[in-house]
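**Q** Heads up: the protein sequence lines correspond to chains A and B, in order. The first sequence begins at 1 in this note's numbering and counts up by one. The second sequence begins at 451 in this note's numbering and counts up by one.
Read the hints as simulated data drawn from the structure, not as lab findings. Quick reminder that beta carbons are idealized off the backbone N, C-alpha and C, glycines included. Treat each hint with caution, since some may be false.
What the hints assert, rightly or not - Here are some of the chain B residues that sit facing chain A, going by a computed Cβ distance under 7 Å:
hint	residue
1	489
2	493
3	500
4	501
5	504
6	506
7	564
8	642
What the hints assert, rightly or not - Computed beta-carbon distance windows for the label pairs:
hint	chain 1	residue 1	chain 2	residue 2	range
9	B	601	A	248	16 to 26 Å
10	A	74	B	601	31 to 41 Å
11	A	18	B	546	19 to 29 Å
12	A	18	B	579	13 to 23 Å
13	A	53	B	695	31 to 41 Å
14	A	8	B	531	22 to 32 Å
15	B	523	A	125	29 to 39 Å
16	A	125	B	599	51 to 61 Å
17	A	18	B	531	35 to 45 Å
Claimed, not checked - To give a feel for the contact side, a few chain B residues facing chain A, derived at Cβ under 10 Å:
hint	residue
18	472
19	482
20	486
21	494
22	651
23	653
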Amino acid sequence: MPRTTQDPQLSGWGRLPVPGREICSTDLAAVARTRPLTRGLGRSYGDASLPPSYALEVAGSQLADRVLAFDPATGILRAEAGLTLREILRLYLPRGFWPPASPGTAFVTLGGMVAADVHGKGHIRDGTFGRHVRSLRLLVADGRVIDCDREREPGLFRATLGGMGLTGHILEVEVKLQRIPSPWIVEERRRYDDLDSLLAALRSAANDWPYTVAWIDSLATGRSLGRGIVMLGRWAEPDEAPAARPRERRRWRVPIDLPAWCLSPFTMGLFNSWLFATAPRTPRRRVLSPESFFYPLDTLEDWNRMYGARGFTQYQCVVPEADRPGATRRFLEQLVALGGASFFSVLKEFGDEGEGLLSFPRPGVTIAIDLPIRPGTTDLVARLNHVVAAEGGRIYLAKDALSSAADFAGLEPRLPAFLAERARWDPEGRLGSALAERLFSPAAGVLAAT
Amino acid sequence: MKIALLGATQGMGRALARRFAARGDELFLLGRNAADLQACAQDLGARTGKSATGFGYATCDLEVPDDFGTVLDAAVNRMQGLDTVVVTAALFATQDRLESDPAFRRRLLDVDFARTIEFCEAARERLLARGGGTLCVFGSVAGERGRKPVVLYGAAKAGLAAYLEGLDHRFHSRGLHVITVKPGFVRTGMTAGLAEPPFAGDADAVAAQVVRAIDRGTPVVYAPPIWAMVMFVIRLLPRALMRRLGF
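Let the sequences and hints guide you as you build the complete structure.
**A** Written out as structure tokens, the structure is:
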């Protein structure tokens, strides 16, 4: 029997702990059967991977990481939910395959990528991860193991893509990998002095560059509002690529929780100004490893410790810039006015909406900002939510930690449809998470069930 | 290399099998459950691009000693040879459970000590008959010193370590390389749910270390390496202090 410890705690990447413990096994179904939630690598920032208050334990998928089948002719991979993206890259990048949608870190599991329906720098062309998922095997609340896809139980399938693990325990995932011409990336980066030119650059680049993203200086105000660096990427053709394979990068650890003043507005201002000042004014091109291009922060193993012992959250929203021109500017103006300056802020354009009932991306501009936890951060998040709701945007559950149920209901007209599908598979409410408890208010659940 | 691996479906065995397979070694998987063995052979096939049938397997349970010779012979036949035998299989339970459950206690002491040695004897005979080879067996840092949380498990592993050391002394000149791996806390199914101490290691990193030790013939491996220091200190602590401390 597992030894119990004093007050075991579990937290997401933002390091806001709740009482909890993760029980891992190579037989995921066996440990998931009696628990409300399965957790992957815990890289969601908030409470998506944490148990609800009425349960202490979640199942952990990390040890259930067998590859079940891989067909090099089609790129179709079937694996247990705990297989990590990092392992997929290690195994299949040398063989010329790439996961079609990849988040900003490789330390995520297949199950987690489905549950958050992750997107990457290539969203405009490739959509979310869910678009490439061919089928799922779930352990649903009543103990049945269900295979679902676009024909079999399509409702369950769609609710599970981006469903934050709340429709059933994801046991197996079948996904189609992309073939790539070389294991190297050609990157072009250039700085832009204001938001309009930055957005225009992102838009015009989307035709030629499958991967686009911008870092923005969230402390710049006035005419400089939204200034930043646009980073474009595409796979190198064999004649452009070095003959060798990319080497695995050395990884560094953050040995201690940094004190809070390290990320004060002053140091953040310095850092952001320095980043901007050192970025090229004219396009600069280089060839680099996909690891460096897609996962720059993975080289710092536990960079979340930089935000100190109080932890942090990330606020990521999308605003429909095309339907409501100027929405991005209005959001950034509010952000600056509310003092939400961030050490690291990222902006990119999204393509079409995915199939997932609660999937995050939709056409528009997405902005992600890191927010250290301070007195008033919850209030800041609430205010940002109101700005986003007024623009008709939405927020990303894999990042959220502090939104309220009422605000979320206002942001998500799709929520009742999701809850109805969820209630169909879990009428007794056996599955749950800290996030579900926080955001799906009981009233909404009852409404959906009737 | 031509490797027979007992405990191949779980934890350290699984991680080692993947390391060996990735660099092209031939493998014969041994474990208790046929379905798990098949899934692991499939996993290795899908990871390496070899077909799943490229990896032979047979069920082998340390609690059924009659089979040991038979399955090792099957490995020799299948791979047309055998130069390395790795044993990661063992039972584990906390001290509390072993104190309160005599039936399981008997099973664990039997499997982790007597039966493991029986298997090693069968492996030794076959390796020596082929002119030598490597026998790599997982002990534990729990066997380094009698300690409160691992009195029983540690005793079995200490006995096993003494056997392995003797084996090394007796047969090294005839070409048998005996490698005793002494893992500290490694995150696997065996330790799932336990409170994680400092210096916990990942199975894959430990596997890399063990493969290196097998290649070099290092007789004793602490993994992660920091545990060599930790155990050095613990061995030096006076008895009066060990009685008071919790570990």
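**Q** Under the constraints set out in the numbered hints, which ones does this structure not fulfil?
**A** 3, 4, 5, 6, 7, 9, 10, 12, 14, 15, 17, 19, 22
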